[in-house]
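Colleague: Listed below, chain by chain, are the residues.
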Amino acid sequence: MDILSHYNYWVAIFLMMTGFYVVIASGNLVKKLIGLNVFQASVFILYISAGVVDKGVPPILKEGASILYSNPLPHVLILTAIVVGVGTTALGLALAIRIKEAYGSVEEDDIHAQEED
Amino acid sequence: MSELVFVGLFAMLVLTAIAAIRLTDLFAVVIMFSVYSLLAASLFVAMDAVDVAFTEAAVGAGVSTILMLATLVLTDRWEKPRKNKALLPLVVVSITGAVLLYGTLDMPDLGDQNAPIHQHVAKRYLSDSGHEIGVPNVVTSILASYRGYDTFGELIVIFTAGVGVMSLLGGRRKKKKVENNDT
Amino acid sequence: MKIPASEVLLLLALIIPVVGSFFIFLCRKFPNVREGITLITGIALFANVSLIASRVFTGERPEFVLAEPFSGFTLSLAVEPLGMLFALLASFLWIITSIYAIGYMRGHGEDNQTRFYIFFACSIASVMGVAFAGDLLTLFVFYEILTLMTYPLVTHSGTAEARRSGRVYLGILISTSMVFFLLAVVWTALEVGTLAFSIGGIYPEGTEPWVLGLLLALFVFGIGKAAIMPFHRWLPAAMVAPTPVSALLHAVAVVKAGVFSILKICIYIFGASSLHNLAVAEWLSLLAGFTIIAASIVAMGKDNLKARLAYSTISQLSYVTLGALLGNSAAWTGASMHMVAHAFGKITLFFCAGAILVAHHKKNVSELDGLGRVMPFTMGAFFIGSLSIAGLPPTAGMWSKWYLVLGTVDAGELILLNVLLLSTLLNVYYLVSIPIRGFFKPLRTPVSGIKEAPLPCLIAIGVTTTITVGLFIYPEHLFQAVSGLVTTW
Amino acid sequence: MTRNPVLQVISKIMIPVILLFASYVQFHGDFGPGGGFQAGVLFAAAFILFGVVFGIESVVKVLPQGVLRFFIASGVLIYGATGFVTLYKGGDFLDYNVLSSHGPSGQHIGILVVELGVGITVASVVIAIFIAFAERD
Amino acid sequence: MATIEQLAIFQITIPLIVAPLVFLLKNGNRAWFLTLVTSVAMMWVASQLLVHVLSVGEFVTQIGGWAAPWGIEYRVDTVNAFVLLIVSGMSSIVLMFARQSVNQEIESNKRSLFYTSWLLCLTGLLGVTITGDAFNVFVFLEISSLSSYVLIAMGRDRRALTSSFQYLVMGTIGATFILIGIGFLFIVTGTLNMADISERLSDTSQTRTVRTAFAFIIVGIGLKLAMFPLHLWLPNAYAYAPSVASAFLAATATKVALYMLLRFIYTVFGFEFSFDLPLSETLVILSSAAILVGSVVAIFQDNLKRLLAYSSVAQIGYMLLGVSLATQAGLSAALLHVFNHAVIKGGLFLVLGCFVFRFGTASLKLLSGKGTQMPWTFAAFIAGGLSLIGVPLTTGFVSKWQLVTAALDIGWWPVALVVLAGSILAIVYVWRAVEVLYFRPVSDDSQIVKEAPLELLLPTWLLIGANIYFGINTELSIGVADVAAHWLMTGTR
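Protein chains in written order, with the working numbering: chain A, 63 to 179; chain B, 138 to 320; chain C, 4 to 492; chain D, 2 to 138; chain E, 126 to 618.
Because the hints were derived from the structure by calculation, they are not lab data. There may be inaccurate statements among the hints.
[To be verified] Taking CB as the label site, the calculated pair distances span: (1) E/F158 <-> B/L224: 49 to 55 Å; (2) E/P539 <-> B/L242: 33 to 39 Å; (3) B/L224 <-> E/I573: 51 to 57 Å.
[Claimed, not checked] As a list, the in silico EDC-like pairs of lysine to aspartate or glutamate whose alpha-carbon atoms are at most 20 Å apart: (4) A/K117 <-> B/D246; (5) B/K217 <-> A/E170; (6) E/K490 <-> A/E177; (7) C/K444 <-> C/D306; (8) E/K235 <-> A/E163; (9) B/K260 <-> A/D116; (10) E/K490 <-> A/E170.
Since this is a predicted model, take the numbers as computed values, not measurements. The beta-carbon is built from N, C-alpha and C at its ideal position, and this holds for glycine as well.
In isolation and in its complexed conformation, chain A is listed as follows (with noise of 0.2 Å):
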């Protein structure tokens, strides 16, 4: 095994773990949600990394009788979870804005100290 023939997963997954910190370390409710946001784009990339052909072309058909195409399910896979993505984020934000109005803070600590009294 090629150990630089991985690197595009390492640093997939490097990404991730980078976005995974942020959810799990940051106080911030926004910024929690940018990690997320990480997180889950840095696992895109290792999914269309993993559907990369080389010398490959688009998978958008053409007359020729072999021509390499990119693997393009993952492609289809990815576009319905970066829409999911969009999604989580957008309520996640909603919520944090009506957290903001309730608690006067998106800040985990500040929240917290109120609702223990």
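Position chains B, C, D and E relative to chain A; hints supplied.
Modeller: The following block gives chains B, C, D and E in isolation, referenced to the frame of chain A:
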């Protein structure tokens, strides 16, 4: 050639992601995220996923960024530093990452055209969709026909998100009172 | 009128009290009607049970399957002589207690009397379920229901003390049964594949002794209602309940359901031969012996009359457990008879305690000096009752104790023989002494004339006392009933 | 919102272009990249731009809540109805082959219709979300 | 008359198509009625499916005219037909209860949105259950998740917002984990159809990639399932959601997640692969901890809804414990408890709905002594509580019996002891509530209320009655659970 593009884009993605972690000005973080999306979109183009690139650009750099900015206007621009820096997140993330790395060890190489992912279902789509569907863009064929049901689900997700946002933010216009019905 | 089949009668034994409680609920606004219904239900139940008994003692063995919740394991009713005896005892004493309760509850001005009568009836229904349980699963189910149905009676007054006692009551009884008893039942089900009671036991030959021993221990400790130490604390706690509850449930129905279950399990699940070979059975019977003595010693220190009676009950229950574990026919005969004898003796004592409470508001033993002159009838009954508990003539208790002693001799358990004899002495000291002081010591606070409890209370006391003595003079019926069983064991 | 005349003029030119491009993306998805979802987002982008430049009230005036709700629902209904039509015609759910005697042309019709449904709902949901956020100011 | 394949399609598509119609309605009562009718119809469909698979056997339905793995298919078997019936049935019963409760708790202009979300959530749960495609699972999972975030956020308390947010974050992490896992499987097999994956895995199963995929899918589902210690979102979410949403979600959402877990363990990865990994050991430790910790924490809750929520954490532990035994009896006990717990918790949350309806609170402190004012509701609470404890003649007892039997059968007596210890802890938390509700002096005398209206009491007692009915007559519940477990273990009927 494409390898070089990949490496360059990956390097920039890493830099933006790290910047997004470290910044506390959320406005800058959102911009970083927007840049991140655009870079990802470019990467997708380089990886032959033009549809995905288009969508990622429109959604990540477009819709999401606008919504995030709008949220920042309504909430706070600056992130407060946390009182206690917990070690736990770092541990969790390291373990998760390590497991993922372990998982990649048996994966096929990047771009290997003999990888199983290219052999089974996808192969048939590429070879048969032309005469079965008659649409040149295979992504569209799969999206709307072979896996049209998933797309229906995707539409429902968007619908759900719309319903959710309307139920959370709709109805009470221009009222900015802090609710405190804490019973 | 056509007399229905015995199976239907069995079901009726469960239904009658439940239907009765429903009517009690309907008539909650009319106390006289309500109490009338209680009595009618009691009489109907006793008639029903007697009818079953008349058939069972001629050899009929009705069975009735209620449901089959797990494949192969049913909820079923079935009658055998021991259960029959228990059902007769409980249903008969329910009538007596109802009469007593009417006097007591009114005389004492208790709240929530409707709730009291409803749950009382439901408890009796559960007792019938225990008595007529056709298999171990059913026994377990009704055992648990009985605990729940008696909880509202224990916490009747709703005071902080009652709630605390209720917690102890529920906590110990449910915990022991949910963990030990249930575990033993499930284990048995897995081990044997059936839970039906059968003569000679159900465990197949060659079951590992440690398995049998562990199971026996699980059963004995799991049946917390038998109040073997260290799971006895619920019984004194339950004494916060109104006296009729203590009298019927915690001298007769509930506690007897416990020892009845142990007896039944020893006879029909383990069988004599299994018990003989088990070291654990011997250890447990020694523990029962310890409980007999320890509870008696604790009882001596209790000034509160009901508490003293409660500890006496703990001690007496272990007689039955002990007899059950000895596993020979003399011991089993003694244990069965003791269930009956102790029931009449102890209920008399509780009735007396309640009568004293209602008439003179006295709860403590130390206040009873000289009370014999004011309540001669009650104190006389108390004397008879305590003789029976001690196992002295002319009372029923003597016969049962006699057979238990024979059982220990048969089993060669000299320590236990001495325990029984010592226990008699202790009983004399802490129970028989009470009426003696009541008659011979001077009255503390002078009361003019005789002041007894309300008439219904006296009637009840009279009946149970008479039977206590009657069973001494004419023990044949009881003995025949029991020995009729013994031959089939 | 600031009412900058330069912006207003530019956006007046831009918005039709965006709309046109959106329509192109909507109906050309079979051949090149694009499709209902991307078109919907672009379409919404035009309205968002309009709202940013001319104020959110003007968007609400064009697309009041009720109308928007109608569009949101109708996209989903179009997609679902397509499925039921194919089911009714004896095919599977969303089996476009039965829409026409010639398989691929049935596929063509089907894809066009469902993409339209996607476009309508996506555009109107994105606009609705934007309005909901903007109205909180 | 529709064919059985069409019925399977209708199971998902009809609520999907009704949802936008409900969304267009302005009147909350009409929206409610349409939702209720749809839900009941789906319950009927599910029962037809179950009858069919029990008598004829499992079947597949393809969508879009493409056979799997090219297209997406539904796969209906005993296990998921059982879950479909539980989900649609609980939804219907809770909806019967919903009208008055929702009218009181949710602003009038948001009611139709609430019912739209309800239908979407129902569809999502049904869709996850019925589908045979791994990626489709993800899509429908997100439909159910997003709509449940909305349902929870509609609670009156402001903490509903934070708990919904917390759930959103954890739920999305879970979904993303599942997405990663599915991606890994996709990369090594090249397919998304579950049956196809399973077939192709048999050659490549012992690779590191597949093991990682397994880990991520289990953890991802574990988040959705509120598997200890990933349960942190659950107590708040159930506590502050509108009463009916709590009842609906508590009775269905975690059940579907458990089904997903079983589906992946047994039919995608396969029994041998899954239990070669230290799955059994992990599950047994986590679920025992869930039972003990969940129950102990429940004892200290002041809010009754939170109390029940922590009890749910413990009850999920019971189900996972059954799975961890890795035997058919254990699996059957787990599936049985899926059903029984749905009935118990659904019923109890409806009881709390009645209390909230009259008193506006589920706080134990504020409700002290008020049980007597609503005798029927209080009686239902006791009956449901007894079932939770596992007293004989209730469903809880049946579950416990089956679980203990299964554990003892393979000699895991410490597991049996954990189960029994859990029920003792349950006595403590249930009885604490009963005592406070009944015996404590009333905190303020001003509020004297009537018994809850019949419209609320009937569905409540329907579920509580079901607790007793299925505690005595277990032919249906145990019967189906046995068949389903057998199917999962062997792949044959």
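Colleague: Each hint: holds or not?
Modeller: A quick look at each hint next to the structure:
no.: 1; hint: E/F158 <-> B/L224: 49 to 55 Å; in the structure: 54 Å, holds
no.: 2; hint: E/P539 <-> B/L242: 33 to 39 Å; in the structure: 37 Å, holds
no.: 3; hint: B/L224 <-> E/I573: 51 to 57 Å; in the structure: 54 Å, holds
no.: 4; hint: A/K117 <-> B/D246; in the structure: 14 Å, holds
no.: 5; hint: B/K217 <-> A/E170; in the structure: 10 Å, holds
no.: 6; hint: E/K490 <-> A/E177; in the structure: 17 Å, holds
no.: 7; hint: C/K444 <-> C/D306; in the structure: 17 Å, holds
no.: 8; hint: E/K235 <-> A/E163; in the structure: 19 Å, holds
no.: 9; hint: B/K260 <-> A/D116; in the structure: 15 Å, holds
no.: 10; hint: E/K490 <-> A/E170; in the structure: 27 Å, violated
The structure shown violates just one earlier hint, number 10.
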